[in-house]
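Chemist: Given next are the chains, with one letter for each unit.
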Amino acid sequence: MSLISADHICVRLGGEEVLHDVSLRLEPGEIVTVVGPNGSGKSTLLRAMLGIVPVAGGRVTRAAGLRLGYVPQKLMIDRSMPISVRRFLSLPLRVGAADVAAVLARVGMEGQQEAQLTALSGGQLQRVLLARALLGRPQVLMLDEPTQGLDQPGEAAFYRLIEEVRTETGCAVLMVSHDLHVVMAASDRVICLNGHVCCEGAPHVVSTAPEYRALFGLGTRGALALYRHEHDHDHNAGPDHGHDHHHHPHTHDHHHA
Amino acid sequence: MLDDFLVRAALAGVGLSLATGPLGAFVVWRRMAYFGDATAHAAILGVALALATGLPIVAGTLVVAAAMAVTVAGLAARGWAMDTTLGVLAHSALAFGLVAVSYFPSVRTDLSSYLFGDILAVTRGDLGLIWGGAVAVAVLLLWRWQALLTSTLNEDLAHASGLNPDRERLVLVLAMALTVAVSLKVVGALLIAAMLIIPAAAARGLARSPEGMALGATLIGALATLAGLRLSLWQDTPAGPSIIVAAAACFVVAAVLGRVRRA
Numbered sequence: 001m002s003l004i005s006a007d008h009i010c011v012r013l014g015g016e017e018v019l020h021d022v023s024l025r026l027e028p029g030e031i032v033t034v035v036g037p038n039g040s041g042k043s044t045l046l047r048a049m050l051g052i053v054p055v056a057g058g059r060v061t062r063a064a065g066l067r068l069g070y071v072p073q074k075l076m077i078d079r080s081m082p083i084s085v086r087r088f089l090s091l092p093l094r095v096g097a098a099d100v101a102a103v104l105a106r107v108g109m110e111g112q113q114e115a116q117l118t119a120l121s122g123g124q125l126q127r128v129l130l131a132r133a134l135l136g137r138p139q140v141l142m143l144d145e146p147t148q149g150l151d152q153p154g155e156a157a158f159y160r161l162i163e164e165v166r167t168e169t170g171c172a173v174l175m176v177s178h179d180l181h182v183v184m185a186a187s188d189r190v191i192c193l194n195g196h197v198c199c200e201g202a203p204h205v206v207s208t209a210p211e212y213r214a215l216f217g218l219g220t221r222g223a224l225a226l227y228r229h230e231h232d233h234d235h236n237a238g239p240d241h242g243h244d245h246h247h248h249p250h251t252h253d254h255h256h257a
Numbered sequence: 258m259l260d261d262f263l264v265r266a267a268l269a270g271v272g273l274s275l276a277t278g279p280l281g282a283f284v285v286w287r288r289m290a291y292f293g294d295a296t297a298h299a300a301i302l303g304v305a306l307a308l309a310t311g312l313p314i315v316a317g318t319l320v321v322a323a324a325m326a327v328t329v330a331g332l333a334a335r336g337w338a339m340d341t342t343l344g345v346l347a348h349s350a351l352a353f354g355l356v357a358v359s360y361f362p363s364v365r366t367d368l369s370s371y372l373f374g375d376i377l378a379v380t381r382g383d384l385g386l387i388w389g390g391a392v393a394v395a396v397l398l399l400w401r402w403q404a405l406l407t408s409t410l411n412e413d414l415a416h417a418s419g420l421n422p423d424r425e426r427l428v429l430v431l432a433m434a435l436t437v438a439v440s441l442k443v444v445g446a447l448l449i450a451a452m453l454i455i456p457a458a459a460a461r462g463l464a465r466s467p468e469g470m471a472l473g474a475t476l477i478g479a480l481a482t483l484a485g486l487r488l489s490l491w492q493d494t495p496a497g498p499s500i501i502v503a504a505a506a507c508f509v510v511a512a513v514l515g516r517v518r519r520a
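Line by line, the protein sequences are chains C and L. Residues in the first sequence are numbered consecutively from 1, following the numbering used here. Residues in the second sequence are numbered consecutively from 258, following the numbering used here.
Derived from the structure by calculation, the hints contain no laboratory data. Check the hints yourself; a few may be wrong.
One side of the interface only, derived from the structure: several residues of chain L facing chain C at Cβ under 10 Å [to be verified]:
{"id": "1", "residue": "A282"}
{"id": "2", "residue": "R287"}
{"id": "3", "residue": "A404"}
{"id": "4", "residue": "T409"}
{"id": "5", "residue": "S466"}
{"id": "6", "residue": "G469"}
Treat the numbers as computed from the prediction; the structure is a model and nothing was measured. C-beta atoms are modelled at their ideal positions from N, C-alpha and C, and glycine is treated no differently.
Chain L extracted, bound-state conformation:
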């Protein structure tokens, strides 16, 4: 069954949704959209690092994404104006990454696969990495779920309950870096943030609880992957962007459903 590239692609997307669903919910709740962008864009720099050092691509992107995520979280804790800082970091990371990879002629022709993903070329090995990483993220978030929710609602409240909001923030930062590293192949650096935000935003209108929203985001992410692959096959469109198009369609449908239900 895994011999079929479409089956592998579908499994890759569904696996990734296990991470992007719950993590995306936190990205929306904590207004971390730009943070996701900065981390994801740094992944291109990670590709360059991997090519230069001979590391596996996943390892290179993980290292650079983690460094970027920790930097951004550190700046945020010191009260930098996040909107501007993140804007500077996100776009600079992307530009530096693009310049850096241009030194590797083999990638030049292949750049779009890093920017927009190459889900149809997912190998068995990739599949193992994607599922391993996504399950690790999901388990991490589940394990810290109560503490993460509390400190997302109010850090002082978390503190007074004996929790450490800084530690919970670090959990999210690491989850973000890991998610970016494993999703590069699926949707690419430019669309990872979309995969985080759009399914979670779509689930918001339908959910009554934080858990419902995280689960809904996971299901919508998986659904969008399958629908996007279908669209890609049918219209011969690039797979990564097609998945996001499907997710956006889900968002519109959910928004309409939510409105109808409330009316």
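Isolated chain C (complex conformation):
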């Protein structure tokens, strides 16, 4: 059975429908990435699945007792709060020194317990956030644009780390991203979102799907085509937003190690 699933959810923010009829299931051990242009509702989807924003329709179902780790988009760590990595990892649950040392080593931050959060680089901070999520031994790891602000080698290294964690712990991963090329390589399944699911499937299938190309353009390796498109495909802008384009429930192949 799925660890967590969204069934035909709709989400409204400030009267505007941000997500329409989105369904998504996450199976144990798979890495699923949600891609889409800015404003396509990617983060909202994640937040709806976490229960942070309420759904206006449909439902989110979690497996009983699901352990969930969350890595937010970024931590607005205010310079006014002095806090060390070790102290941060003990929020909200206190964690022993051995566990802290182990998890920091796992994310490549060994010996950084006493470093102040404000002194960390963007990449280091993301690793600490990942470490914090891992402390709860999650069955599902959710990451919201985890590599924003990282350079390309940093990005690639971070996604490699995610994949290693998945291989070691067997946790499922749901990521939101707009940097496509790196993400695609690291995912088992990609969901292309633009208020609704445009297409989904294995990365190589999605990258050739017409809906995906309409969103991100051709032959740009994705990354260059992040403009907000005006129209993807036949939308009837009716009150119920009824549109009749075909979804592509492509079969996907797992790359479990």
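Go by the hints and put chain L onto chain C.
Modeler: Showing chain L alone in chain C's frame:
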């Protein structure tokens, strides 16, 4: 010992620091300075309410400060532009309060004690109230400490950890209202926010952990009270403002120390 008005004044200030230290740290971390101002200024309106209804002053200020704090927190949650909204509310509350108390001639002559505090006139009863309220605030914050810190750092993270950031915000709102109510007598409506912010800001440069900063703010607040009273006695200056002057001096010293230590 409590017969000495200076001893009572010192105890009042030290007791208040138990609340303003940790609460002030959150005010600084969450950038709630104006929020503190709005709540504190509403206290004058509370004085008018108390005089009109015959309630104790503390009860009147607590009710109005709590109403103001809840209103402001509610507006913030609905995404109002906080800077402007708080500016409007804070100053309006003060102006309405000043106009309202002017209907009570007995207060007219005595207004400055509500604006700047009257720590030298603290009675045994006041002392009980101040300590009771301050300890209640400190216990409340200690009890919710982990959850408050988590939701201060990132509300989504708190949510994903099974916490409710709205509830934690309410904890701070109530702590603020209670602190305002009990500190009116000590530093007065105009300087409560200063008592929250300045010691916490002074502690920031010296602390390495959130707990260290909260504790440091408490100690600096207590120190500033004692030094301010001393200054007031020596130079015959008003006690409340003298305490804030001492706190500001602590801030300067801490800033210099912090810089020296980092260099």
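Chemist: Would you mind marking each hint as holding or not holding in the structure?
Modeler: Going down the list of hints, with the structure as the test:
{"no.": "1", "hint": "A282", "verdict": "holds (8 Å)"}
{"no.": "2", "hint": "R287", "verdict": "holds (8 Å)"}
{"no.": "3", "hint": "A404", "verdict": "holds (6 Å)"}
{"no.": "4", "hint": "T409", "verdict": "holds (7 Å)"}
{"no.": "5", "hint": "S466", "verdict": "holds (6 Å)"}
{"no.": "6", "hint": "G469", "verdict": "holds (7 Å)"}
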